[in-house]
Amino acid sequence: MNFVLEAKKINKHFHKPKDFHVLKDISFGVRSGEFVSIMGKSGSGKSTLLYILSTMDTDYTGDLYLNDQLISGKPQKELSRIRNKNIGFVFQFHYLLSEFSVLENVMLPAKKLAEKSLVEIERNAHQKLEMLHIGHLAHQKASRISGGEKQRVAIARALINDPAILMGDEPTGNLDSHNSENVFNIFKNLKKEQGLSLLVVTHDEDFAKRTDRIIEMEDGMIIHQ
Amino acid sequence: MTNWNVILGIAKTHLVTKMKSTATATLGVTFGIGAYITMVSFMTGLNTMLDDLVLNQTPHIHLYNEIRPSETQPISRYQDFENALNFVHSIKPKQNQEKIHNALPILNYLKKHPNVKGATPQLRAQIFYLSGSIELGGNLVGVDILEEARLSNMEDNIVQGSARALKSSNNGILLGSGLAKKMSLDIGDRVQVSTVSGDIFPLKIVGVYQSGIAEIDNVQSFANLNTVQRILGESANYVTDINIKLLDILKSEPMARSLEKQFNIKAVDINEANAQFETGTSVRNLITYAVSITLLIVAGFGIYNILNMLIYEKMKDIAILKATGFSGKDVQYIFMAQAMIIGLAGGILGLVIGFGLSHLIDNTPFETDALPTINTYPVNYNINSYLIGISFALLSTFIAGYLPSNKAKKIDPVKIIRGT
Numbered sequence: 001m002n003f004v005l006e007a008k009k010i011n012k013h014f015h016k017p018k019d020f021h022v023l024k025d026i027s028f029g030v031r032s033g034e035f036v037s038i039m040g041k042s043g044s045g046k047s048t049l050l051y052i053l054s055t056m057d058t059d060y061t062g063d064l065y066l067n068d069q070l071i072s073g074k075p076q077k078e079l080s081r082i083r084n085k086n087i088g089f090v091f092q093f094h095y096l097l098s099e100f101s102v103l104e105n106v107m108l109p110a111k112k113l114a115e116k117s118l119v120e121i122e123r124n125a126h127q128k129l130e131m132l133h134i135g136h137l138a139h140q141k142a143s144r145i146s147g148g149e150k151q152r153v154a155i156a157r158a159l160i161n162d163p164a165i166l167m168g169d170e171p172t173g174n175l176d177s178h179n180s181e182n183v184f185n186i187f188k189n190l191k192k193e194q195g196l197s198l199l200v201v202t203h204d205e206d207f208a209k210r211t212d213r214i215i216e217m218e219d220g221m222i223i224h225q
Numbered sequence: 001m002t003n004w005n006v007i008l009g010i011a012k013t014h015l016v017t018k019m020k021s022t023a024t025a026t027l028g029v030t031f032g033i034g035a036y037i038t039m040v041s042f043m044t045g046l047n048t049m050l051d052d053l054v055l056n057q058t059p060h061i062h063l064y065n066e067i068r069p070s071e072t073q074p075i076s077r078y079q080d081f082e083n084a085l086n087f088v089h090s091i092k093p094k095q096n097q098e099k100i101h102n103a104l105p106i107l108n109y110l111k112k113h114p115n116v117k118g119a120t121p122q123l124r125a126q127i128f129y130l131s132g133s134i135e136l137g138g139n140l141v142g143v144d145i146l147e148e149a150r151l152s153n154m155e156d157n158i159v160q161g162s163a164r165a166l167k168s169s170n171n172g173i174l175l176g177s178g179l180a181k182k183m184s185l186d187i188g189d190r191v192q193v194s195t196v197s198g199d200i201f202p203l204k205i206v207g208v209y210q211s212g213i214a215e216i217d218n219v220q221s222f223a224n225l226n227t228v229q230r231i232l233g234e235s236a237n238y239v240t241d242i243n244i245k246l247l248d249i250l251k252s253e254p255m256a257r258s259l260e261k262q263f264n265i266k267a268v269d270i271n272e273a274n275a276q277f278e279t280g281t282s283v284r285n286l287i288t289y290a291v292s293i294t295l296l297i298v299a300g301f302g303i304y305n306i307l308n309m310l311i312y313e314k315m316k317d318i319a320i321l322k323a324t325g326f327s328g329k330d331v332q333y334i335f336m337a338q339a340m341i342i343g344l345a346g347g348i349l350g351l352v353i354g355f356g357l358s359h360l361i362d363n364t365p366f367e368t369d370a371l372p373t374i375n376t377y378p379v380n381y382n383i384n385s386y387l388i389g390i391s392f393a394l395l396s397t398f399i400a401g402y403l404p405s406n407k408a409k410k411i412d413p414v415k416i417i418r419g420t
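Sequence lines, in order, name chains A and B.
First residue of the first sequence: 1, per my numbering; consecutive thereafter.
First residue of the second sequence: 1, per my numbering; consecutive thereafter.
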């Protein structure tokens, strides 16, 4: 059982405005090289689950394993580092730092990790951008490129530290069909060529159907996987 | 694990892209510090000037014979009345000579004392200045003029003529400026003085003395010690006052007490003579610091506001930084770095502007009859005020940056990204 990411009995409550049991005994795993999508209606808790898996949300009970290592209950500082090194994240809205150039945006997480020299990081960043066919945008300001391009820059940024898993919160939710197709193909290629594990929350049924596995959620429970 | 290059890089980008806010915040600090430096330099300069004006005229210890009644009246010594209650009306001061007994040996002793910079004999005589039929009351002080010039700033107060001219003249006088004006006399003229006993002496005006304090300048003149002794018909050991300048002014009080005991004489130290002056100085300093600190606090609030706004604008950026692996501490450092850069840049600029303004004030003409030696406004360049200025700039920006940056540290990225 070679799970990259494994959740065991995750429970979460929202305390405000009143107690609400949003995730109920969620247990599942993502295997290495697997492309998994999570589907469900709005309010089914799928995004909440994703943010718990991404280590950003620590207010839950249950165990979370990344590369067979328990990461629940670790201090924030360590979680930041785990996130930095092992988890790439792509949001629905591109969320680039608008004052920085595309290249700087991509380089930032690697600079933070500081495992490689600056020259190496820059070469890697260029390489990622080329791979996503946006190498020519490297020195543009992040605020001055199109939405589809921004999303690809965000993917390049998520990949810069060669993470164990790439997570997406409706990464195509804000894109037209052409760009959605593009992003899907990028994900597919990443899985095929680099054996990357992917976990994507989506509303888009066409998108989900073409992934390896669909996890369906309703009312805070997994009803099908 | 903190990567300062990255953090400073982000801080720099924020500052540069928000140039207007950065400039506003920096200028806030600059004006605060600049105003502080200018105020402190000017106020302490003024204080020093006023201190000098009075304190330099005051010896550190002043020895003289005080006219006072005997502390124990003869009847108290009479043992038969030991348990009785005595009433003595109309007690008169003790019959006492005005001159200091054994003045010359005392002077010699003082001049050899290790803590004494110099001791000068003075002879104060009550005289009248005669101008036609008008008699003006006043003092004539006999001094060792060259020694006085060495020990005090007396030379600065001689607005015409010189100390040396008095020394080399046998019957010269340094006339008080108020007196010179009243009697329409000038250097080179002659003035007649009359002693209390009625003897009249002509003296030649070799200089005009202006202390800046009208009360003194209207009554007091200086002459050589032996000239005054001659006028009074006294011998060369007749001295009424001894002024002492010390090397260590802090020892003036205990030394005055010990001299009093040793020579059975009245000794007044500088703190006793100028107690009210010290109070004035400390109150002025207090006002200076109160105003300056207010300025700096206002500048601090400016920084606090601007950083707060910046953090509000950068919520999303903060969330992204945290999502991509920057810790809360890193984010806090980014904003702290911005505050400190603003503080340092604004502080240094403030020091420069403060220095420039003080220099400007220093060169502004300030002519007043009261202060003959002062031509421009007094300014005190003290390295300590500059150190305090820059420290306060850094301290206030640190506090102003800490609170908002602490907020940034605690921002929950999930909330921002999910938009709840």
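One should not assume that every hint holds.
[Said to hold, decoys possible] DSSO-like, lysine-lysine: derived pairs with alpha carbons at most 30 Å apart: (1) Lys266(B) / Lys12(B); (2) Lys74(A) / Lys415(B); (3) Lys77(A) / Lys24(A); (4) Lys12(B) / Lys18(A); (5) Lys18(B) / Lys111(A); (6) Lys111(A) / Lys415(B); (7) Lys74(A) / Lys410(B); (8) Lys77(A) / Lys261(B); (9) Lys111(B) / Lys111(A); (10) Lys191(A) / Lys209(A); (11) Lys74(A) / Lys141(A); (12) Lys85(A) / Lys415(B); (13) Lys188(A) / Lys12(B); (14) Lys409(B) / Lys141(A); (15) Lys141(A) / Lys94(B); (16) Lys251(B) / Lys77(A); (17) Lys410(B) / Lys111(A); (18) Lys24(A) / Lys204(B); (19) Lys41(A) / Lys117(B); (20) Lys116(A) / Lys117(B); (21) Lys12(B) / Lys9(A).
What the hints contain is simulated information worked out from the structure, not anything from laboratory work.
Ascending list of hint numbers which this structure does not respect = Violated hints (numbers, rising): 1, 4, 8, 9, 11, 13, 15, 16, 18, 19, 20, 21; every other hint is consistent with the structure.
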